[in-house]
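There are 2 protein chains.
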Amino acid sequence: MNSYIFGVDIGGTTVKLGLFSGEGLLLEKWEIPTNTQDHGTHILPDVARSISDKMAQKGISTQQVAGIGLDFPGPVTAQGVVTHCDNLGLGRLDVKEAMARLLPGISNIAVENDANAAALGELRQGGGKGYNSAVMFTLGTGVGGGVVLDGSIFSGTNGAAGEVGHLTVELNETVPCGCGKCGCLEQYASANGIVRLAKRMLAQCDTPSRLREIDSFSAKDICDLAREGEEMASTILDRCGKYLGLAMSYVSCTVDPQVYIVGGGMSRAGTILTDAITKHYRKYAYHPSTQTPVVLAELGNDAGIYGCAGMILSK
Amino acid sequence: MNSYIFGVDIGGTTVKLGLFSGEGLLLEKWEIPTNTQDHGTHILPDVARSISDKMAQKGISTQQVAGIGLDFPGPVTAQGVVTHCDNLGLGRLDVKEAMARLLPGISNIAVENDANAAALGELRQGGGKGYNSAVMFTLGTGVGGGVVLDGSIFSGTNGAAGEVGHLTVELNETVPCGCGKCGCLEQYASANGIVRLAKRMLAQCDTPSRLREIDSFSAKDICDLAREGEEMASTILDRCGKYLGLAMSYVSCTVDPQVYIVGGGMSRAGTILTDAITKHYRKYAYHPSTQTPVVLAELGNDAGIYGCAGMILSK
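The listed protein sequences derive, respectively, from chains A and B. Taking the numbering used here, I'd label the letters of the first sequence as residues 440 to 754. Taking the numbering used here, I'd label the letters of the second sequence as residues 440 to 754.
Any given hint might turn out to be false.
Intra- or inter-copy, both count: the list cannot distinguish identical chains.
Distance condition first, Cα-Cα at most 30 angstroms in a straight line; then the derived BS3-like pairs of lysine-lysine [claimed, not checked]:
id: 1; residue 1: K659; residue 2: K718
id: 2; residue 1: K568; residue 2: K722
id: 3; residue 1: K493; residue 2: K535
id: 4; residue 1: K718; residue 2: K620
id: 5; residue 1: K620; residue 2: K722
id: 6; residue 1: K493; residue 2: K722
id: 7; residue 1: K659; residue 2: K568
It should be emphasised that the hints constitute simulated quantities derived from the structure, not laboratory data. Treat the numbers as computed from the prediction; the structure is a model and nothing was measured.
Make a model of the complete structure from these sequences and hints.
Right, dumping it as structure tokens:
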């Protein structure tokens, strides 16, 4: 009798679902809209219905479901309770209890934060394939991250393990980060952060740059120009790489992972970014760890569902 | 039939040994000199003889020995191989294989780096008792450390997990650390480091201090004067606390432990030091982790043998 796993990546706009074989092979993926109305109370019933429908369509019995992994864009306790999830409208939600009620007979439910799930997905099937421990840096609107040690997500005492976006990398910063502190990595290495960094660097010099001609340039503009070889854009990306390399050196002196995985929108800059990070990382890292590779994420938006399935597999 | 565990903490001058009950209670402790002659080849035979003698004296059979944990002042691989240990004169040594040969019938041998073992000892029986995850900062001649997650030592890919002394905490430093990098925590928070920091701070101001009257002051002098309330000594200790608090904030964004344990000679400064660390830690830590306690180590020189016994207990 074949067994199956469902991976469910719950985002602010859509829920991504994946049906996996019991060995972790992705068989099918689909999406449903995230209904955030009524304090997010429709989300899990919608997910359960979508899973039931897929099971009926494929002739999968509850006995054949090895488990369901779900991730949320917010803090999740070790007991699988979402404490709050602002962009879903959710307050406290005992996901394990709710899912067991909605899908009787399926008791193996795993729940995680989305950044942690993505890190596990990339380790198992993406940029970190073949490794057993990794720390992922997700460079999106903000900077998130996840820590995977010995093949399992490590989320820490307060769920703050892997919150690499809030490593203090600049002691001279005077403008506060969204978190209230000053000098967080997120202030320089997120899509918004690098734009802010670029504006500041452009204002402090006269180096010519096509960025000066764009009314409201984006992280993509900086990365594109750096790839084309523009000096100023390259200098900006190098500075961003310096902060990322410094942050990774902090992580290495703590858990010394096998690999760093860089994902999120900013990672579309490609090897020009990982090369800049690696250059600075090697300078700041303690000598036993200087050769730790920095690789690009490979799964894009599928990292979450892979990671959610991985939580069931690594249990 | 009672079972027993031996904990063996191998230092450059003496080997500390402990006989523990199978439940981890210390029954007896003693020391033998470390014979570093002939490339350290006498060390393990001396340890084995001391254990055999104790077993004969107490009437303990090999079947009653649940295991032997040993620690070394140098890097140890996950397979229990010491790669090199300069202050013991040792090159590569397969400790598990050697001990199994020296003490036939006792196959449960665990080997670790001394800083990691001390961290586990403090977690199980010392300052971190009652917690399950901790990161220890050992402030001695240098700054070492150890990471304990879910009750077990985490040593990392290259054995560099917990090398908190080489976290870069000062980007403006121009003098290199012993490791070759600039701005390592060890340059400010070790016994040598705080003296160097103090000399630099004294040279940059005219604030009166009794330190100016001591020819060659020590870390102890700084801590003693700070405890007496001297302004300049307090400012120096506060600066040291700032670097330590910053370093702990890096660790929290990576593994978010339950507690920080501060040990080593410098920790004799007491709560004046942990208070200074806590003040700065809370400023740099990401908000979910700001309340993580910073406690003093309690076991002193016994931390190693407790940790070595703990490695057998947590297996």
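Consistency of the hints with the structure:
1. K659 with K718: within (22 angstroms within a copy, 40 angstroms between copies)
2. K568 with K722: within (26 angstroms within a copy, 37 angstroms between copies)
3. K493 with K535: Only inside one copy: K493 and K535 sit 20 angstroms apart there, 53 angstroms across copies, limit 30 angstroms.
4. K718 with K620: Cα proximity of K718 and K620: in one copy and across copies (27 angstroms, 14 angstroms).
5. K620 with K722: Both ways: K620 and K722 sit 26 angstroms apart in one copy and 8 angstroms across, limit 30 angstroms.
6. K493 with K722: neither (51 angstroms within a copy, 49 angstroms between copies)
7. K659 with K568: Classified as within; 27 angstroms inside a copy, 50 angstroms across copies.
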